[in-house]
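Protein chains in written order, with my numbering: chain U, 1 to 372; chain R, 1 to 398.
There's no promise every hint is true.
Said to hold, decoys possible - Result set (BS3-like, lysine-lysine): computed pairs, CA atoms no more than 27 Å apart in a straight line:
#  : chain 1 : residue 1 : chain 2 : residue 2
1  : R       : Lys-33    : R       : Lys-376
2  : R       : Lys-198   : R       : Lys-220
3  : R       : Lys-393   : U       : Lys-288
4  : U       : Lys-303   : R       : Lys-83
5  : R       : Lys-224   : R       : Lys-141
6  : R       : Lys-310   : U       : Lys-10
7  : R       : Lys-255   : U       : Lys-303
8  : U       : Lys-265   : R       : Lys-393
9  : R       : Lys-310   : U       : Lys-13
10 : U       : Lys-288   : R       : Lys-74
11 : U       : Lys-288   : R       : Lys-310
Said to hold, decoys possible - Okay, the calculated bits of chain R under chain U, using three or more residues with CB under 8 Å as the criterion:
#  : segment
12 : 1 to 8
13 : 298 to 305
14 : 318 to 332
15 : 380 to 394
In case anyone wonders, no lab produced these hints; they're calculated from the structure.
The C-beta atom is built at its ideal place from N, Cα and C for all residues, glycine as well.
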Amino acid sequence: MDFSLSEERKMLKETVARFFESNYKNINKRSENVYLPEGFCKTFWKDSAELGIISALVSPEFGGLGGDGDDISIIFELIGKSLCVEPFLASGVLSSTVLSSVSKINIDLINEVVEGNLLIAFAHTEMNNRYEDSFIETNASLRGRKWCLNGTKSFVINGDTANKVIVSARIDGNVNDKAGIGLFLVDNNQITNRSYNTIDGYRAAELIFDNSNAELIAKDNEALSCIIKANSAGALALSSEALGIMETCFNLTLDYLKTRNQFGKTIGSFQSIQHRMVDMMLEIEQVKSAVMLASSTYQSDAKTRDKNISAAKNLVGRVGKLVAEETIQLHGGIAMTWEYSASHYAKRLIMIDHLMGDSDYHRDRFKLLSVS
Amino acid sequence: MNFEYSEKEENFRLEVKEWLSKTLPKSLSEKVKKYQRLTKEDYEIFMKNLSAKGWLAWHWPKEYGGTGWNAIEKHIFEEEIIKASAPRIIPFGVNMLGPVLIEFGSEEQKNYYLPRILNNEDWWAQGYSEPGAGSDLASLKTTAIDKGDHYIVNGQKTWTTLGHHADKIFCLVKTDLNAKPQLGISFLLIDMDSPGIKVKPIVTLDGEHEVNEVWFTDVKVPKKNIVGKENEGWTYAKYLLTFERTGIAGVPYSKSALNHLKIVSKKSLKNGKPLIDDPVFSSEIAELEIDLLAMEIFNLRTVNAAAEGKAPGMESSLLKIKGTLVRQKTTELLRKALGPQALPYLPEQFDEGWNEMPIGPDYAGPIAKQYFNMRKISIYGGSNEIQKNIVAKASFGL
Chain U
1 MDFSLSEERK
11 MLKETVARFF
21 ESNYKNINKR
31 SENVYLPEGF
41 CKTFWKDSAE
51 LGIISALVSP
61 EFGGLGGDGD
71 DISIIFELIG
81 KSLCVEPFLA
91 SGVLSSTVLS
101 SVSKINIDLI
111 NEVVEGNLLI
121 AFAHTEMNNR
131 YEDSFIETNA
141 SLRGRKWCLN
151 GTKSFVINGD
161 TANKVIVSAR
171 IDGNVNDKAG
181 IGLFLVDNNQ
191 ITNRSYNTID
201 GYRAAELIFD
211 NSNAELIAKD
221 NEALSCIIKA
231 NSAGALALSS
241 EALGIMETCF
251 NLTLDYLKTR
261 NQFGKTIGSF
271 QSIQHRMVDM
281 MLEIEQVKSA
291 VMLASSTYQS
301 DAKTRDKNIS
311 AAKNLVGRVG
321 KLVAEETIQL
331 HGGIAMTWEY
341 SASHYAKRLI
351 MIDHLMGDSD
361 YHRDRFKLLS
371 VS
Chain R
1 MNFEYSEKEE
11 NFRLEVKEWL
21 SKTLPKSLSE
31 KVKKYQRLTK
41 EDYEIFMKNL
51 SAKGWLAWHW
61 PKEYGGTGWN
71 AIEKHIFEEE
81 IIKASAPRII
91 PFGVNMLGPV
101 LIEFGSEEQK
111 NYYLPRILNN
121 EDWWAQGYSE
131 PGAGSDLASL
141 KTTAIDKGDH
151 YIVNGQKTWT
161 TLGHHADKIF
171 CLVKTDLNAK
181 PQLGISFLLI
191 DMDSPGIKVK
201 PIVTLDGEHE
211 VNEVWFTDVK
221 VPKKNIVGKE
231 NEGWTYAKYL
241 LTFERTGIAG
251 VPYSKSALNH
261 LKIVSKKSLK
271 NGKPLIDDPV
281 FSSEIAELEI
291 DLLAMEIFNL
301 RTVNAAAEGK
311 APGMESSLLK
321 IKGTLVRQKT
331 TELLRKALGP
341 QALPYLPEQF
351 DEGWNEMPIG
361 PDYAGPIAKQ
371 YFNMRKISIY
381 GGSNEIQKNI
391 VAKASFGL
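Chain U extracted, bound-state conformation (with noise of 0.2 Å):
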């Protein structure tokens, strides 16, 4: 057993520690980029590239320097103590995962990708498909020896200023089947869209294919496998994140309790609150200690590492709950308001269950996971 990162993995983690923390310095800083045109930083985006963050994302085998598990979880619990809202789920995750796990690998696509002059944005998600893999309304047709999209992806994060999306559409079959699947590539001239912000900060877009032109990148089993890989390593992202949350919102909350003071004395001596201070201490350690697993076995067989990552993700959606909640319930009335940082922590926490499946979903897919 090997409970330490390496030599490697614990300079990455330095490195990019110092690097967000000099740039998302306080609150006022992210909701600077959040209004910014594109919804983030570009500056920022382009410096992260340099430094090989979005590298760090991808594996060695593709251009990049590392993609494993742990590289994953690493920058992302890191994003979520910064609460930056640059597109590494959109693009360093979810597109890179699907680029590199298509059988006719682009190699330049990626490298271009890695290096920060692409922006991928992956859309699955439609407006009646919740979280599932195979539910897919989004029609894809062959116009001689063109393939062309029509319908709506929704929710898609960073598909407004993305270059290129990644759109899975159905080729055949009816709308729930597993097979008759297919992820197309798609420039973002072909695509009508419409962006706004979302609850938590993020940029994202309603996006309208009118016989757009696409280039079919995987079909079948293979575009499935790569759909359910990307959520996968997506729900991994996302989970990290959140443990970087909520150790802040923990954190932000112990200091809390010893400077607010209330019938003389600080509110973090009365002992109601500090039991609950130790509820939330303990089930952080359990979703660490969840996210620690998935982590370590993101390289292993699918069924292993979707059955880890939806105990990751069922855990960090209940967790999740529990310590926005009380964050703002111990803080009282500074924890309402748009200026305090907790707020913001909070609610990316609490909407985090709304991405790459929630709690219920990732139940429902361990339990199947876990039958045989």
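Once you've looked at the hints, dock chain R against the given chain U.
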């Protein structure tokens, strides 16, 4: 990061497993599986086998006849004996008193008591709690008055587990009546056959007799039976309580209970279909399984840190809290899984040799009883509320 055991550790696990399959009598593990009442002899058979193998004193250093195992080996050993449905190792002598004597006992005490513990010559009991001193242990009132070459002990201890089997008891007693709580307490070793000692059974809510009251009336105890210094017993008691407890989370118990729960939920029917196919019930099982999976890693993290020489601090308290909650949840879901089959209470069913027809399935009998019995685990060993106080005090700086 990886959570796999090394080859050496796997071989050790195999060695423990093989030894258990050879030496643990089938009839005994069957009794444990069926929650039948164990006799004093049942416990002793297993412990004698362990001492013959040199594995009884699994928390002691080698020089005292212990195994010298590190935390990971202890963890593996404990997992395997629980998996094999062996009776539990009665901890009072070997796991509690032993380490205290090794650390604080006189040479004479070590030379006399340690070999007797190793050879199962003495059955020890723990004399800590009193009717007025539970969570607030330091407020204990049993007194030991100095009479020159001996003490005279008066008072009452309670919740004395298997005290009715005990030959000896280690007690916390007040030797300085004017000192504040925590000061003025001494750690005293007392023969159970001393005149003036009376043991009275306490029957618990499940109808079982496991714990006792122990009454002391003018009991004469030689002065050489004090461990360490007079009035410093609280330090030794705390040492004992915080003594490295790799198994505090009870992970292997919860794992086997979870397996049992899945089996019972397959056999129990709801609308004529297996209960495990009910989405609500199976969801409760799944979230319990996830909590347990996370706790197993949390426990291994702590065990691993202990093996590397880092003393577990608040982790022990956190694991105690979570471990008891998870284990209690397994008993709750087992009880729910039975539906009305949980109602019948046939105390005679748990006697050895009972061979009448059970009411309902044969696994139903112990389940509700076990649920009630397991309420104790979040109370004893420092209640979960006390554990929270400990964590808050040690790590929050509030």
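Each hint, compared with the structure:
A C-alpha spacing of about 20 Å is found between R:Lys-33 and R:Lys-376, which places the hinted pair at or below 27 Å, so the restraint holds. With a CA separation close to 14 Å, the supplied pair R:Lys-198 and R:Lys-220 stays within the 27 Å bound. Taking the CA atoms of R:Lys-393 and U:Lys-288, the gap is near 22 Å; set against the 27 Å cutoff, the hint holds. Only pairs whose Cα atoms come within 27 Å are accepted, and U:Lys-303 paired with R:Lys-83 is accepted, the gap being roughly 26 Å.
Annotation: proposed proximity of R:Lys-224 to R:Lys-141 holds, straight-line Cα distance about 22 Å (limit 27 Å). About 20 Å separates the Cα atoms of R:Lys-310 and U:Lys-10, which keeps this hinted pair within 27 Å; it holds. Among the hinted pairs, R:Lys-255 with U:Lys-303 is consistent with the structure: their alpha-carbon atoms are about 21 Å apart, no more than 27 Å. The straight-line distance between the Cα atoms of U:Lys-265 and R:Lys-393 is roughly 16 Å, inside the 27 Å bound, and the hint therefore holds.
Annotation: proposed proximity of R:Lys-310 to U:Lys-13 holds, straight-line Cα distance about 23 Å (limit 27 Å). Between the alpha carbons of U:Lys-288 and R:Lys-74 the distance comes to roughly 24 Å, so the proposed pair stays at or under 27 Å and holds. Straight-line distance between C-alpha atoms of U:Lys-288 and R:Lys-310 comes to about 19 Å, which keeps the hinted pair within the 27 Å bound. Given a C-beta distance limit of less than 8 Å, the hint that chain U covers the segment 1 to 8 of chain R holds, as 6 residues qualify and 3 suffice.
Note: the segment 298 to 305 of chain R has 5 residues with beta-carbon separation from chain U under 8 Å; the three-residue rule is met and the coverage holds. Remark: the segment 318 to 332 of chain R is confirmed as covered by chain U, as 3 of its residues place a Cβ nearer than 8 Å to a Cβ of that chain, reaching the required three. With a threshold of 8 Å between beta carbons, the proposed coverage of the segment 380 to 394 of chain R by chain U holds, since 6 of its residues qualify and at least three are required.
Violated hints are absent here; each numbered hint is respected by the structure.
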